[in-house]
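J.: So for the sequence shown, our numbering puts the first residue at 1; every next one is plus one.
Just so you know, not all the hints are guaranteed correct.
Distance ranges between label pairs, derived from CB positions [what the hints assert, rightly or not]: (1) Ser32 / Val54: 16 to 26 Å; (2) Thr60 / Glu19: 26 to 36 Å; (3) Thr55 / Ile87: 15 to 25 Å; (4) Thr42 / Asp92: 13 to 23 Å; (5) Gly59 / Pro17: 26 to 36 Å; (6) Asp71 / Pro17: 15 to 25 Å; (7) Ser16 / Gly59: 33 to 43 Å; (8) Thr61 / Ser16: 28 to 38 Å.
Calculated pairs, SDA-like style, for lysine to any residue (alpha carbon to alpha carbon, straight line, at most 25 Å) [what the hints assert, rightly or not]: (9) Lys53 / Ser99; (10) Lys53 / Thr42; (11) Lys82 / Leu69; (12) Lys82 / Asp71; (13) Lys53 / Pro76.
Hints are computed from structural coordinates only; laboratory data are not their basis.
Each residue gets a CB set at the ideal place from its N, CA and C atoms; glycine is no exception.
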Amino acid sequence: MAANACADDGTSGSASPTEEGKELAARYGCFSCHSVQGDDRTGPTWSGLAGSKVTLADGTTITATRSYLEDSIRWPEAMVVKGFPPIMPTVDIGPEDLSAIIDYIQSLGLVER
Numbered sequence: 001m002a003a004n005a006c007a008d009d010g011t012s013g014s015a016s017p018t019e020e021g022k023e024l025a026a027r028y029g030c031f032s033c034h035s036v037q038g039d040d041r042t043g044p045t046w047s048g049l050a051g052s053k054v055t056l057a058d059g060t061t062i063t064a065t066r067s068y069l070e071d072s073i074r075w076p077e078a079m080v081v082k083g084f085p086p087i088m089p090t091v092d093i094g095p096e097d098l099s100a101i102i103d104y105i106q107s108l109g110l111v112e113r
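Throw the hints in and build the complete structure from the sequences for me.
T.: The structure is reproduced here in structure tokens:
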């Protein structure tokens, strides 16, 4: 069961995987805590996240690769970003939806491949 923070906005049939990812992020409630404008909210901004260096709560630094993004969404308490509380819910999200959301995050900044 998915943990949705907002209702479905009724959009569907995206023209691109990136737009589909944006719509899915809205449907799953991601924008309640993550911005795409560069300002941090309850969670870190997605603007420029992909490919950037991220400092975790334990002091380690990691690059926000596609694998990191997948793991952070699937297991949000495993790699908490420094300065943010470990409050992101675990979301039951299918592989296609997860991939589309990550495509959208990548479109907001480059990721190392």
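J.: Would you mind confirming whether the straight-line C-alpha gap from Lys82 to Leu69 stays at or under 25 Å?
T.: holds (16 Å)
J.: Within 26 to 36 Å or not, the Cβ separation of Thr60 and Glu19?
T.: At 34 Å between Cβs, range holds.
J.: Taken at face value, is the distance from the CA of Pro76 to the CA of Lys53 at most 25 Å?
T.: Measuring from Cα to Cα gives roughly 17 Å; hence the hint holds.
J.: For the pair supplied as a hint, Lys53 and Ser99, is the alpha-carbon distance within the 25 Å limit?
T.: holds (21 Å)
J.: Taking 25 Å as the top limit, are the C-alpha atoms of Lys53 and Thr42 close enough?
T.: With a Cα-Cα distance of about 19 Å, the restraint between Lys53 and Thr42 holds, given a limit of 25 Å.
J.: For the range 13 to 23 Å, tell me whether the beta carbons of Thr42 and Asp92 fit it or not.
T.: Holds, since Thr42 and Asp92 (Cβ atoms, about 21 Å apart) stay within the stated range.
J.: Hint says 26 to 36 Å; check whether the CB-CB distance for Gly59 and Pro17 agrees.
T.: holds (35 Å)
J.: Given the hint of 28 to 38 Å, is the C-beta distance from Thr61 to Ser16 inside that range or not?
T.: For Thr61 and Ser16 the Cβ distance comes to about 32 Å; the hint holds.
J.: Take a look at whether the Cβ-Cβ distance between Asp71 and Pro17 falls inside 15 to 25 Å.
T.: holds (20 Å)
J.: Can you let me know if the beta-carbon spacing of Ser32 and Val54 is within 16 to 26 Å?
T.: holds (20 Å)
J.: Is it true that the C-beta distance of Ser16 to Gly59 lies inside 33 to 43 Å, as the hint says?
T.: holds (38 Å)
J.: Taking only the CA atoms, is the gap from Lys82 to Asp71 under or equal to 25 Å?
T.: holds (16 Å)
Consistency note: the structure conflicts with none of the earlier hints.
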